Amino acid sequence: MSAEKPRTLFDKIWAHHVVDTLPDGTALLYIDRHLVHEVTSPQAFEGLRVAGRPVHRPDATMAVIDHNIATDETRRTGILDPESRLQVETLEHNVVEFGVPFIPLLDARQGIVHVIGPEQGLSLPGMTIVCGDSHTSTHGAMGALAFGIGTSEVEHVLATQTLLQKPAKNMRVTVDGQLPLGCTAKDIVLAIIGKIGTAGGTGHVIEFAGEAIRALDMAGRMTVCNMSIEAGARAGMVAPDQTTFDYVKGRPFAPKGEAFDRAVAWWSTLPSDPGAHFDKEVFLRAEDIVPMVTWGTSPEDVAPITASVPDPAAAVDETRRAQLQRMVEYMGLTPGQKLTDLKVDVVFIGSCTNSRIEDMRAAAAIAKGRHVAEGVRAMVVPGSGLVKLQAEQEGLDRVFLDAGFEWREAGCSMCLGMNPDKLTPGQRSASTSNRNFEGRQGPGGRTHLLSPAMAAAAALAGHLADVRDWQPVGSA
Amino acid sequence: MKPFTTLTGVAAPLPAANIDTDKIIPARFLKTIARTGLGQHLFANMRFNEDGSEKPDFVLNQPAYRNSEILIAYENFGCGSSREHAPWALLDFGIRCVIAPDFADIFHNNSFKNGILPIRLPREICEKLMDDARLGGNARLTVDLERSVVVRPNGEEIPFEIDPFRRHCLLNGLDDIGQTLQHKPAIDSFEARQRAAQPWLYA
Chain A
1 MSAEKPRTLF DKIWAHHVVD TLPDGTALLY IDRHLVHEVT SPQAFEGLRV
51 AGRPVHRPDA TMAVIDHNIA TDETRRTGIL DPESRLQVET LEHNVVEFGV
101 PFIPLLDARQ GIVHVIGPEQ GLSLPGMTIV CGDSHTSTHG AMGALAFGIG
151 TSEVEHVLAT QTLLQKPAKN MRVTVDGQLP LGCTAKDIVL AIIGKIGTAG
201 GTGHVIEFAG EAIRALDMAG RMTVCNMSIE AGARAGMVAP DQTTFDYVKG
251 RPFAPKGEAF DRAVAWWSTL PSDPGAHFDK EVFLRAEDIV PMVTWGTSPE
301 DVAPITASVP DPAAAVDETR RAQLQRMVEY MGLTPGQKLT DLKVDVVFIG
351 SCTNSRIEDM RAAAAIAKGR HVAEGVRAMV VPGSGLVKLQ AEQEGLDRVF
401 LDAGFEWREA GCSMCLGMNP DKLTPGQRSA STSNRNFEGR QGPGGRTHLL
451 SPAMAAAAAL AGHLADVRDW QPVGSA
Chain B
1 MKPFTTLTGV AAPLPAANID TDKIIPARFL KTIARTGLGQ HLFANMRFNE
51 DGSEKPDFVL NQPAYRNSEI LIAYENFGCG SSREHAPWAL LDFGIRCVIA
101 PDFADIFHNN SFKNGILPIR LPREICEKLM DDARLGGNAR LTVDLERSVV
151 VRPNGEEIPF EIDPFRRHCL LNGLDDIGQT LQHKPAIDSF EARQRAAQPW
201 LYA
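The listed protein sequences derive, respectively, from chains A and B. Residue numbers for the first sequence follow my numbering, beginning at 1 and rising by one. Residue numbers for the second sequence follow my numbering, beginning at 1 and rising by one.
Bound conformation, chain B alone (with noise of 0.2 Å):
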């Protein structure tokens, strides 16, 4: 997993609640067997005509976001399916952050799981965000893990609360599983136990 440290970039804004999984990523979309090359159907009804042409009103078709590396939106992004393809179509498209009030909860734990950053920011901040966002590439953000804090074109720093093992992870880009193994001892102590007391659990 890449580490995230520090992150200018442009921001898109998606002024809408309840951006779900199915609009990030279609399901028609999940039939790859790699991570990698999601990013072309990032939010493709969104994004594109049945023709395959695009849709020129969308935010990222538009010439100051096609690089976008942060999103902006508003409450519940990430919503429905538990699809690790919506944050691998995020990180693929380019976007390493995404900003909003709140986040579904699956989307909220994949996203830290590939390097991609979700700040909850209270709705106030995220409409001045979002205002800043509008400006295109006049207006770029900073998000600055090991300060926890997003910088505004302005220079108005804002803090943000995250969790710190996760922080710690992020900022390392470590991977779980190597982590855990590292309890193995309390994992095999656990199974003795249980094997004991629920033997059923047991093939």
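Just chain A, with the same shape it has in the complex (with noise of 0.2 Å):
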């Protein structure tokens, strides 16, 4: 028997990249993979640029270009915004200066950075990962340490391949049980943040555990560490098992072969020993998980989609009495008003929480044979062009369109305001990206976050709509 204290996944990943230690306790933190995107680069390479510094491992970076582009046919033509425009050619001229690593944007493998670094093997078990974007965290679900960073750290990891980080408190999210008909891996990372709240997570690391849990596909355990950060944690994260090993195998960047067999020996030995310690420990019944729809401006403020919208009135605490009625006013809610009256003008499936093939599937199944309802824009925008490809030899596409919704190219899209795909003020959306904040979708655009079924089914309703209501056309 081992006398070693038992150890979090975590712990062991931390301390397997721990390079150094400053007389502080601060860490030099050696990080595995840097994926880069055009938003939150320019200023770190024009920093390295300033100093006279090299990137000290193009082979550990990968750059691609996913916030700023149009998902229609115009983003062949060229970004008709001057300012867009000039941050991905900044980003392209950075990549061969530098010699970092990119994937074009006209090639089939551009995405959303979060899809594709899984999706390209780029983003395996037991890595340091680190992105300038909060997303980061959804590559936790391989079983890796990764979370977002700034620009500064953008160009600290560039320059020395590490970061100085203090480390986090481990916390635990059980959601043991089965997950009841409808809900998905979105409504258990939304149940979850509206049980602990935004801040919920701060300062800690979160690792999701629990048999449903382990029961979902690794699109699911990246849809729920993606929204780890609307929970306040540093980062998400799902031990590795043999679903993990299995999505791993064959993909372009993962190890082949003889190595392919070493990864998997040493990742088997990362999960959480039995008796390690959690800070920190919560526990929800995957049973009582309903599908959920957030009616406010913070992803906390969720709730089950049979409920009604709250009356700020009946709050104790005055700071946040005034918040919900600022909510309220700019959702344009009336208190106890049912979610599911409420009419919706645009649906956005997409996003790094909802992209993957598993999510235009689950999509899918509700929208084919029925009809987008009148009035409506349902857009859906595949993660990166591979899934793309893979929808369309599915036949996916054709149900889209045969069902009145728009199949666009890959990117960030709708999920904020920095490209076409934009609210315009007073729309409401149902959306299955991560973040409801005032704004984020457009100024003034109105924005209620649900899973991609849950999502299918208001496009095809017109409203909020509870999709247990809508299950698929020929099913019981």
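Calculated pairs, BS3-like style, for lysine-lysine (alpha carbon to alpha carbon, straight line, at most 25 Å): (1) Lys166/A to Lys184/B; (2) Lys184/B to Lys12/A; (3) Lys422/A to Lys55/B; (4) Lys338/A to Lys195/A.
Derived by calculation from the structure, the hints in this document are not laboratory data. Being a predicted model, the structure only gives us computed values, none of them experimental.
With the hints as a guide, bring the two chains together.
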């Protein structure tokens, strides 16, 4: 028997990557994979240029364009917005000057950075992975320590392949039991955020565990880890298991042959030891989860689809009451109104949270044989060119097009108002993305977050709808 | 990076929790390739109408607060995205210090990298400072990083805690990369060990 103290998944990956420790306990942490996109990197490359520093390990780096681009045919004829174009061209120039590997815009592998990382096998179990983007937490689904950083840190990683970090605390969220009909990974994570709040994970790395998490496919685990930042956590992770190894095997950047077997042997040692200490523990029962939708302008303001808009006057705390009042006004809601009575103008199925092939299938299953309600604009935006190709091979594009959905090119699209896909003031959206902040999808836009299946149901109904009332045509 | 030692200035009251980075700087302003010039877009959706005119009720549009150097807010300030444009916009506007009960991790980290001091103080103390801030230009706060205290207009000193390494870097305006490169031999030997044990991580 080992005398070693039981350790968590996070503890093990952390310990593996400490290069040096400063006198005050700050660790110099080695970074295995650095993903770069056009929005948060220009100032970092400029910093290197000014200081005359090279990129320390181009082979550990991968750049891609995702935030600024159009998701219609205009992407092939050049970006219209001059600022967006300059930002994209700046990255295209920087990757050449610094010798950084790059997936170009018109490459079939192009897509949202958090979709292509796992898809290409760039994100592997046991790795430390960073990107100048808070949703880097997505890659924790691989059993990696993955977190978002600011641009100064992007420059720091480019120059040194390390970061100065204080260890996070350990938190475990256990979801036991089996998910009921109509519920998905998105409903799990929205339920978790509703329970612990948007600062519930601050200072912590969350390990998601339990039967309902283990039962998720990799796409589902990515959805859950993606939104751990919305719970305030530094990162989210799921222990690597056979589901993970099967997913990784054969991907372009994954180890091959004997190296793969050696890797699996190491990855298998990573799950948290029995008795490992967690500073904070949260438990949910999957059976208690119902299809969820946000009603307010913070992801914690979430409710079952069967609920009604809360009354701000009922809040005890004065700051909270003012905040709720502001949300109800901004969102154009009436206290007591049923959520299923809220008419939607736009439906967005996409983003780094929900744009993988599994998400496309889930939405298509609901849409098949039906039609989008009149007056609703419904868009489906696959997370990468490869997801798009796969969906087309499966005929999902036809399902969506026949049902009156738009079938678009890969990119961040309407998750954030940085490219042509935006809400106009006052428009209400049902969106599979991750943030419902004021103006997130365009100034004055009103966002309701939900799962791909729920989004499809909303598109068909013309209002927020309970997906359990919209089960696939022909099913019992 | 500009060192931070002592700051005496007007503090703007922002009595709200969960002030997210989309509020601090909306995504449509992230298309810049420079670090400067974002101050004009700070809190854009709260500060300006759609036609670009100022919303007179917003605190930073009021005469007393136009030159604020300190912000007082409530819980979870800076939640949301990792955009360093948030501290860049604050700094470009002239804000060098934010005081709140707690901060989102990435924003907290990004602030230090740009010479902005985020100070965590308990809610009840933030409420007192909020009252001070409501007095406008008549009541300036002093933030003394050397002594790690906030001095209220009535002379009361409120000590705050700060990570010693970060305090040292802020006081001296030190660049992290230069310091890390002093550990180059340790990085090199780490890579040699890792390359032997996990060769698949190296192309």
